Amino acid sequence: MSLALPLALVPRAQPSRALTWLSPVAAAVLTLGAGALLFALMGQDPLQGLRVFLVEPLATQRGWSELALKATPLILCALGLTLCFRANVWNIGAEGQLIAGAIVGGSVALLATSATSRAIVPAILLAAALGGAAWAAITAWLRDRFNANEILVSLMLVYVAQLLLSWLVHGALRDPQGFGFPQSKLFESVARMPIVIAGTRLHIGFPLALAITAAAWWLLARSLIGFQLKVTGLAPLAASYAGFSSRRVLWFVLLSSGALAGVAGGLEATGPVGQLTPTISPGYGFAAIIVAFVGRLHPLGVVAGSLLMALFYIGGELAQSRLGLPSALTGVYQGLLLFFLLMCDTFIAYRLQWRRTARATAA
Amino acid sequence: MTPRLALTGITKHYGDVAANEDVTLAVMPGEILAVLGENGAGKSTLMKVVYGVAQPDAGTIAIDGVQIEITSPARARALGIAMVFQHFALFDSLTVAENIALGAPEHPLSKVDERVRELSRRYGLELHPERTVHDLSVGERQRVEILRALMSNPRILILDEPTSVLTPQAVDRLFETLRQLAADGVSVVFISHKLDEIRRLATRCAVMRAGRLVATVDPRGESEAALARLMLGADPPAIAAHDSPPGAVALEVAGLTVHGPERRHWLHDLAFSVRCGEILGIAGVSGNGQSALMASLAGEWKARPDAVRLFGEPVGHLGPAARRARGLRYIPEQRLGHGAVPELSLLDNVVLTGDALHRHGVLQREEATRVAVSVIRAFDVRTEGVGARAASLSGGNLQRFIVGRETLAEPRVLVVDQPTWGVDVGAAVAIRNALIGLRGRGCAIVVVSEEIDELYQLCDRLMVIAKGRLSPVVSAHDIGVDELGRWMAGLWPAGEEARA
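Those protein sequences? They're chains C and U, same order as listed.
The opening position of the first sequence corresponds to residue 1 in our numbering, with each subsequent residue numbered one higher.
The opening position of the second sequence corresponds to residue 1 in our numbering, with each subsequent residue numbered one higher.
Misleading hints may appear alongside valid ones.
Some chain U residues well away from chain C (every beta-carbon gap over 12 Å; in silico) [stated by the list, open to error]: (1) P129; (2) V138; (3) D460.
Residues from chain C that face chain U, not an exhaustive set, calculated with beta carbons under 10 Å [stated by the list, open to error]: (4) A13; (5) A221; (6) L224; (7) I225; (8) G226; (9) V231; (10) L234; (11) A235; (12) A242; (13) F244; (14) A349; (15) R351; (16) L352.
Please keep in mind that the hints were generated in silico from the structure rather than gathered at the bench.
Since this is a predicted model, take the numbers as computed values, not measurements.
Every residue, glycine too, gets a C-beta built ideally from N, C-alpha and C.
Throw the hints in and build the complete structure from the sequences for me.
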């Protein structure tokens, strides 16, 4: 009992709206502070470290294009997760859905020959979307039919998808002229995503992701299904009162987020990677979970959160090549961001208060 | 004589809202003091201050003439203050004695039995210490709460709306207990907005309005109308009378049987019908199957198609939206989270049951705004506007909003669960008038309520639900409160199940 801190968390009468949006900003600032400390502990000049991590990636047009390139799969996955989380459906398996999209989209891309027309690009994206949606459908069906926990099912399906991809690139999809390396042949250039800024790797995926962001905003703010999924997430009883079908919402959000993650996977495979390899994604599907919460489960917030997270990915690579630091730094930054976000979010509903030191009355 | 509890100048603000403003009030030893006020008048805040849950911004508290600071509920208990809350905090799977022992760590479980028996004898709180709470009625559960509060020999006992869940007979017994406690010198503070109960029980009544103490009167010398005027600051609007005769059968229930997840959700072969232009009241103590009946009528739970008929058409298998399309609307008991989404705006909350407010999957925001504004105007909902979150409204205002939303849609059948539960008198009158107005326009209405007075005020015919079965239907003129109370305990004339 007497171990009590001199500070106490006191519930606020109303959750603070300002802090809802300030919290991710504060979390980002705290992450940078902790990051600087981390550089110092690793024997680096903290300012120099932060410069390499945060400023250098943005010093050139190429840097910006890389940032947008890395943000693209994050935006797509996090938009889908935003729909799920708003509906209280805890899809943790965007990474698996992304891989499934890469497999199916990549397989279509492998069909291309030098005679194939550009029409294969939409076909690749459609196939990728269907692949991701099908993978998410497994989770939706198990939840719908058997009331299986979607957190566990979707998470475990990530590992199934990873092993499936690995099995395919070791077998059926392996490049016969690839000296036995576990990877497919390089896609024909006609099956690669068109580049939007010459001289960079930035492909049509980025403008596509921004367009889908606008669509997701409209869906949440103006459409009936968006309204239904919000109500289902916020107050399931009220949804039942209104007569909204929770099954319909479950299938809608899981198929949508699966399709979006699938498109992200298809874009990665036929965009920067250019072939199917055992590791098509450096964990975009998992990072997108953090992005969705940093973005306050709002489409515009998701774009901002994705750009920040993309910066951590690029910064981690630069810190590795320029400063000789381990690339695990990216993961540490992601973890710190989530940690600080959860901490700051506490203050949306609570405030700190000094405990009264006067204990006279207790005597 | 020194007051047992003296509050002087208590002031408590939440943001810009003055929950309590300069409240000065004293309770004598052995006195039963009623605190009367509308919802949001500041009664609960004042009690939170006394019980150490909230700290006042200004003012002092003295017990037996000694000024003290009540920093926590534990401190309040140590000072001899006990509180019985409106919502029980009991473990269903534990016995009475175990529940009481958990709340009274100073008494070892072995001693609790003895003390419980002694207290129950002394105060007429019949309870067997070995029974599990799961098997107790609501009235018995409240007795557990009271016993728990009495374990530490409190000098001040506060009860927050203790009668809202009790049958008339259980209320009588509670009052006997409270009188005995007062005779033993305990100061009893009784929070209520039920005027008749206050007049029966209390010797002094403190009336609160908008955070201030506006009057202290002897309620035995005041009429109910006078007390209501003090509480509201104006005459309560009168309830309109009813005359038009009922018409054709609108809603018909036959052979409705439900085996819900818990025993209190079971329904056994229910049958009744409601005609256009009449109000059928269903009395009963909560937890006797009301929620299952409501869910089955509204369509949230499905049944056999012909178990529920609307204007002759079987609808038992249809969901709420399909039943709304056929003219049936529902006002649930729970406002936040069932009748409205707390985090969403009033504008969004009209869309919840506004089937005309979306077309081809697209929300019609302008039409929704118009509807929300008209509900707010017609039902005098006090709010900052259509953008206000439902959770920001007081209970009474949110109920006005929900009742307005459903009645302005001009339903042909309306099912209402506890229309005025926990709302202030002004809102209660407005809501009852809305229901009566709807009946005048030919709507068939089913009202479930635990407030006997309300049922008599509103209903043409009454029946009782107990243990998932329905009593016979009788004209409201043909049954007295005492008999209705016996029926609520399940004791109605045998062999007469409800008929159409």
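Verification of the supplied hints:
1. For P129 of chain U, the non-interface assignment is confirmed: its Cβ lies about 30 Å from the closest Cβ of chain C, beyond the 12 Å cut-off.
2. At roughly 21 Å from the closest C-beta of chain C, the C-beta of V138 of chain U stays outside 12 Å, upholding its exclusion from the interface.
3. Residue-level check passed: D460 of chain U sits 27 Å from the nearest beta carbon of chain C, beyond 12 Å.
4. With its C-beta approaching chain U no nearer than about 5 Å, A13 of chain C sits inside the 10 Å limit, and its interface hint holds.
5. Interface hint status for A221 of chain C: upheld, as the beta-carbon distance to the closest one in chain U is roughly 8 Å, under 10 Å.
6. The closest approach between the C-beta of L224 of chain C and any C-beta of chain U is roughly 4 Å, which is under the 10 Å cut-off, so the hint is satisfied.
7. Checking I225 of chain C against chain U: minimum C-beta separation of about 6 Å stays under 10 Å; hint holds.
8. Taken as an interface hint, G226 of chain C checks out: its beta carbon lies about 8 Å from the nearest beta carbon of chain U, inside 10 Å.
9. Checking V231 of chain C against chain U by beta carbon gives a least distance of about 6 Å; that is within 10 Å, so the hint holds.
10. Nearest Cβ of chain U to the Cβ of L234 of chain C: about 5 Å, under the 10 Å cut. The hint holds.
11. Evaluation of the A235 of chain C hint against chain U yields a held restraint, the C-beta minimum of about 5 Å falling below 10 Å.
12. Taking 10 Å as the C-beta cut-off, the interface hint given for A242 of chain C holds, the closest approach to chain U being about 5 Å.
13. For F244 of chain C, the interface hint holds, since its Cβ comes within 10 Å of a Cβ in chain U; the closest pair sits about 8 Å apart.
14. Taking 10 Å as the C-beta contact cut-off toward chain U, the hint placing A349 of chain C at the interface is violated, the least distance being around 12 Å.
15. Annotation: interface hint on R351 of chain C violated; nearest CB of chain U at approximately 12 Å, more than 10 Å.
16. For L352 of chain C, the suggested interface contact is broken, since its CB lies about 16 Å from the closest CB of chain U, more than 10 Å.
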